[in-house]
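Asker: Protein chains in written order, with the numbering used here: chain A, 1 to 179; chain B, 180 to 485; chain C, 486 to 913.
Rather than coming from a laboratory, the hints here were simulated on the basis of the structure.
Check before you lean on any hint, since a few could be wrong.
If you only want the chain B side, here are some residues facing chain C, beta carbon under 8 Å, derived [unchecked claim]: (1) K269; (2) A290; (3) V292; (4) T294; (5) L295; (6) S311; (7) R347; (8) R350; (9) K374; (10) Q378.
Backbone N, C-alpha and C fix where the C-beta goes; we use that ideal spot for every residue, glycine too.
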Amino acid sequence: MDEIEIKRTISRLSHEILEKNSKDIDKLALIGIRKKGVPLAYRLQKKINEIEKVEIPVGIIDITLYRDDINNLKTPHVVHETEILLDVNDKKIILVDDVLYTGRTVRCAIDELIDFGRPKAIQLVVLIDRGHREIPIKADFIGKNLPTSYQEIVKVYLSEVDEMDKVVIYERENNHAQE
Amino acid sequence: MLKSKDLISIQSLSVEEINLILDTAKSFKEISDRAIKKVPVLRGKTVVNLFYEPSTRTRISFELAAKRLSADLINVSVNTSSVVKGESLKDTIKTLESMQVSMVIIRHSEAGVPTLISRWVDFPIINAGDGSHAHPTQALIDMFTVREKRPNFKDLKVVIVGDILHSRVARSNIWGFTKLGAKVVLCGPPTLIPKEVEQLGVSVTYHLEEAILEADIVMLLRVQSERQKANYFPSIREYSRLYGLNVDKLKHNREILIMHPGPMNRDVEVIPEVAESPSSLINEQVTNGIAVRMAVLYLLAQKSKK
Amino acid sequence: MDILIKSGRLINPKNNFDEQVNIGLKNGQIKYIGNKMIKAREIVDATGLVVVPGLVDLHTHLREPGREDKETIKTGTRAAAKGGFTTILCMPNTFPVVDHGTLVEFIILKARREGIINVFPIGAATRRQEGKELAEIGEMIKLGAIAISDDGAPVMDSGLMRRIMDYTKMFKVPVISHCEDLTLSQDGVINEGIASTILGLKGIPAASEEIMIAREIALCRTTDSQVHIAHVSTKGSLELIKKAKEEGLKITCEVTPHHFTLTEEAVFSFDTNTKIKPPLRTKEDVKAIKDGIKEGIIDIIATDHAPHTKAEKECEYGQASFGIVGLETALSLALTELVEKEGISLNKVIAMLTHRPAEIVNLDKGNIEVGKDADITIIDLNKDFIVDVNQLASKSKNSPFHGWRLKGSVWATIVKGKIVFRENSFKV
Chain A
1 MDEIEIKRTI SRLSHEILEK NSKDIDKLAL IGIRKKGVPL AYRLQKKINE IEKVEIPVGI
61 IDITLYRDDI NNLKTPHVVH ETEILLDVND KKIILVDDVL YTGRTVRCAI DELIDFGRPK
121 AIQLVVLIDR GHREIPIKAD FIGKNLPTSY QEIVKVYLSE VDEMDKVVIY ERENNHAQE
Chain B
180 MLKSKDLISI QSLSVEEINL ILDTAKSFKE ISDRAIKKVP VLRGKTVVNL FYEPSTRTRI
240 SFELAAKRLS ADLINVSVNT SSVVKGESLK DTIKTLESMQ VSMVIIRHSE AGVPTLISRW
300 VDFPIINAGD GSHAHPTQAL IDMFTVREKR PNFKDLKVVI VGDILHSRVA RSNIWGFTKL
360 GAKVVLCGPP TLIPKEVEQL GVSVTYHLEE AILEADIVML LRVQSERQKA NYFPSIREYS
420 RLYGLNVDKL KHNREILIMH PGPMNRDVEV IPEVAESPSS LINEQVTNGI AVRMAVLYLL
480 AQKSKK
Chain C
486 MDILIKSGRL INPKNNFDEQ VNIGLKNGQI KYIGNKMIKA REIVDATGLV VVPGLVDLHT
546 HLREPGREDK ETIKTGTRAA AKGGFTTILC MPNTFPVVDH GTLVEFIILK ARREGIINVF
606 PIGAATRRQE GKELAEIGEM IKLGAIAISD DGAPVMDSGL MRRIMDYTKM FKVPVISHCE
666 DLTLSQDGVI NEGIASTILG LKGIPAASEE IMIAREIALC RTTDSQVHIA HVSTKGSLEL
726 IKKAKEEGLK ITCEVTPHHF TLTEEAVFSF DTNTKIKPPL RTKEDVKAIK DGIKEGIIDI
786 IATDHAPHTK AEKECEYGQA SFGIVGLETA LSLALTELVE KEGISLNKVI AMLTHRPAEI
846 VNLDKGNIEV GKDADITIID LNKDFIVDVN QLASKSKNSP FHGWRLKGSV WATIVKGKIV
906 FRENSFKV
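Sequences and hints are given; from them, build the entire structure.
Answerer: Below you can see the structure in the form of C-alpha cells.
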C-alpha cells in the first residue's frame, strides 16, 4: 500500500466505525496498541472528528507486561507507558493496531484492558490482516486483507515515526520487497 | 538489558543501565494508579525478602512491587541475635536455592554480604542495604524523584547532609548522581565525613548554610543516637542546631527541594513544617519507591533462569 | 659424607658468598664447601639451582595447642618445609596461651616428635596475654623460648610495656611488639582510606600503628632494651623506625610478603582473604615498604602465617577472622615482587630470610659454613610456582594468592642434614 491508499483506507475505516456504532457514539474510545497502533488511533480520531464533528478520546496501551513469551525473548522488550486516562467502564473500546497476525498481541491488549474495568464492548480495527491466527481473534474493521506466507514479513511505515507512509511485504531470507 | 544478574551497588552500573531502570520505572508508575494494581509479568515467579535487619518501609515497598507484578513473595525476617556467624548465611541461601526461588532481596547489617551470596547461587540477588556499603534501590528512587522535577542533571547541585560515614544511602547516591553528571556536596561534622571521599568526585563542607546556598536538592540522612555515645558529636541537641533543617536555615534558598530516605527523626534532621512543606519530595520518594522496585524486579527477572 | 650437594650456586649472604660449589653434609652438619667431588652416600645434583641457608621465619602461628582444626605443629612445619623454611618461631597466642614454662616445653617436645623442621617457641609477655601482669618470662626462656611477645594483640598499658622491656632485657632476648592502638583501630577491619570509604567498612587509620611504634621507640630508649617491631605496614612507621635506628637504638623490624605485594585495593572484592592485621595499606605505603627494604630500614621478612578454617573465612567480611597463611608463598613472592620487579638483589632478599632473622634472636642459623647446622634450602629460579590453595600443605587454605603465577619455587628443603622435602613431595 502507498500513502494515498492508506489515506483512503483510514477514511473508509472511520466511516465503518461510525456506522456500526451509530447508536452510542458518545461511548466510543480508541485505544492504540504500541507502537504503530498509536499513530493510527490518532489518525482515526482526526478523521472521525472531520466526518462527525465529535472527538473520540484516545488511549495508549503497552502490552509488554502481558506477553505470553516474556521468558523466551532473546532481547527483552523495553516497557513503555500505558496511558489510559479515561474510565473504561461501560465504554465501547476500539482497539487499534497496524497488523493482525497470530492474534496474541490483541489477546494481551484485551487482558490488560479488562484490568482497567469492564467495557461495554471491545472492537478491533486493524490496517492489515495477514492471516495465520493462532488464537481465535477476529477484527471488526479491516483495512486490507493481505494473504501471506510464514516466510514473509509485513511492515507498516507511518510518517509519524518512519518519515513515510507505506506497507511493504518482505521475504525473510532475501528481503525482496513488494508494495 | 542489565549486564549483571544482581543489583548490588550503583558503583557497577553504567549510565545507560541507570537510565534504563529509570525509564522502565516511569512506565511502571501508572500501574499503581489503576483500579487493579497488577500486571501478570512475573506470574509464577517466587521472590524472597531476606531481611537480617528490621525494616518496615523497604520491605513493604519490595513486597508491593513484587505483588503488583503478580510474583509470589515470601518474607523471611531473621533475628540477628540467633544467627550464628557466617554458616547460617550460606545454609539459608542454599536452602532457598533448593526451593527454586527466582530472586532474593537481601538486607543485612554487614557490608559485602550480597556480594558474598551472589557468588553462591545463580539467581539474581537484590541488595536492599548492606551495612554502610550500598542501598542501590534507594538511590535509584532518589534519582527518579529528582529527575521528575529537574530532568537536567548537568547543572544540578545536590547536597547530602548528615552521617555520611555510616550511610549506605549516601554512598549509593554519590555514585548515582555523579555518574549522571550532577554536582554533589557532602555536609556534616568532620567526624562523620569518610576519608578521601573527594576522590569520588564530590566536595565537602562542614557548614550547612554554606551548603544550601545555590543547592537545588538537599538530601537529609538519618542520624542515630549510638553515634553520640561513640563521640562522633557531643549531643543530639548540638547536632540538630548545626545540621537540622528548619525554616530559618532555608530562608536563603526557597527554591530548594527536600528529600529524606526515611524514617525521619523529627526535630533532629528536619522539623515537621519543612518535611511536610510543598518543597518536600519525601512522599514522592515513597510512591516512586514501588515503581522503581517494580522496574528492578522486572529487569532482573530476565536474568533469572527460573 | 651423607649427602653431597653438587654444582649448586651457593648464595650465603652472611659472608657474601656467591659461587658455584659442592657442599658436603655429614651427621647433620656442613662438613665441606669446595670444588672437589667428595664421596657421599647420596648425591644431589643442584646444577642450575640456587642453594641458600634454610629460611628462618620469626613470626608464625601454629595454633597448637587449642585450635588444631586450623593447624598443628605437624602440618605447620610441613607447610614451612614446603616453603623452604627450616627454622620457625611460633607465637604464643594459642589456647591456652604459652605464658609459662610447661607450655614452652610442650611445644618443644611436640615439635621434636611430630615437626619436621626446627621450631622455637616465643613466650607471652603477659599472663594469658591479657596485658595486665607479667608472665613468667625467665622460666619460659630457661626452658627454650627465644623471644617474648603478646602478638595477636598490643600491650596497651605503656607502663606495663616498659616493665616488660626492662625485665626481659636481662635475658638478652628481644621483645616483639604488635603495634596497634586499640582505641584507634576499634572495630575497624581494613585500612582507613579510599577502600573503607567506598566499601562502607570500618577503617583502621595508619596512626593506630604509628602511635604504638613511636611509643615502643621511646620505651626502648628509656629501657635500653632490644625491641623487634612485628609486621610493619605504613610509610609513617618506617620513618619513625629509620630515625630510631640512626639514633642507635636496638630496634629491628619485619615486613610480611602480603604487605609488600598487595594494597587496600585488593579488598574491593570483599574477599575475606584480604582481611589482615595490620590491614593492607595504600600504594604509597607499599612503595615506602619497598624503599625501606632497599635502604635497609626493614631488617627481615617474616610471614605472620595465620591459618583459619573455611568457616571462619567464608562469611561476612566483618565477621571473618583476621589473617592469612603465608609460609608456602613467602619466598616466591619475595623473588617475584622484590627481586624480579624491583631489582633488589637476590643476596639481600635471602639475607632478610636467613641470617638476619637468626641474628635478631641469637640463633646460630641462616648460615652455610663448615661446622654449622645443615639447614639448607635449594631454589629453582626458573620454575614458576602457580599457587593452588588446594595443594597447600597447611591445613588451612586462607590465601589471597590463589591462581597467582610466581617466579621461582622451592626445589628442596634439608633440615639437620636430612632431606625433608624435594621436588614437590615430602620425604618424611
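Asker: With a cut-off of 8 Å on the beta carbons, see whether B:K374 makes it to chain C.
Answerer: It holds, given that the least Cβ distance between B:K374 and chain C is near 6 Å, below 8 Å.
Asker: Are B:T294 and chain C close enough, Cβ to Cβ, to be under 8 Å, as the hint says?
Answerer: B:T294 check passes; min Cβ-Cβ to chain C is 5 Å, inside 8 Å.
Asker: Does the nearest C-beta of chain C fall within a distance shorter than 8 Å of the C-beta of B:Q378?
Answerer: It holds, given that the least Cβ distance between B:Q378 and chain C is near 5 Å, below 8 Å.
Asker: Close enough to count: is the Cβ of B:A290 nearer than 8 Å to one in chain C?
Answerer: holds, 5 Å
Asker: If you take the shortest Cβ to Cβ gap from B:V292 to chain C, is it below 8 Å?
Answerer: holds, 5 Å
Asker: Against chain C, is B:S311 within 8 Å by beta-carbon distance?
Answerer: holds, 3 Å
Asker: At a threshold of 8 Å, is the proposed contact between B:L295 and chain C supported by beta-carbon distances?
Answerer: Holds, because the Cβ-Cβ distance from B:L295 to chain C comes to roughly 6 Å (cut-off 8 Å).
Asker: Could you check if B:K269 really has its C-beta closer than 8 Å to a C-beta on chain C?
Answerer: holds, 7 Å
Asker: Please check whether B:R350 passes as an interface residue: C-beta within 8 Å of a C-beta belonging to chain C.
Answerer: holds, 6 Å
Asker: Going by Cβ atoms only, is B:R347 closer than 8 Å to chain C?
Answerer: holds, 6 Å
Figure legend: structure checked against the earlier numbered hints; every hint is met.
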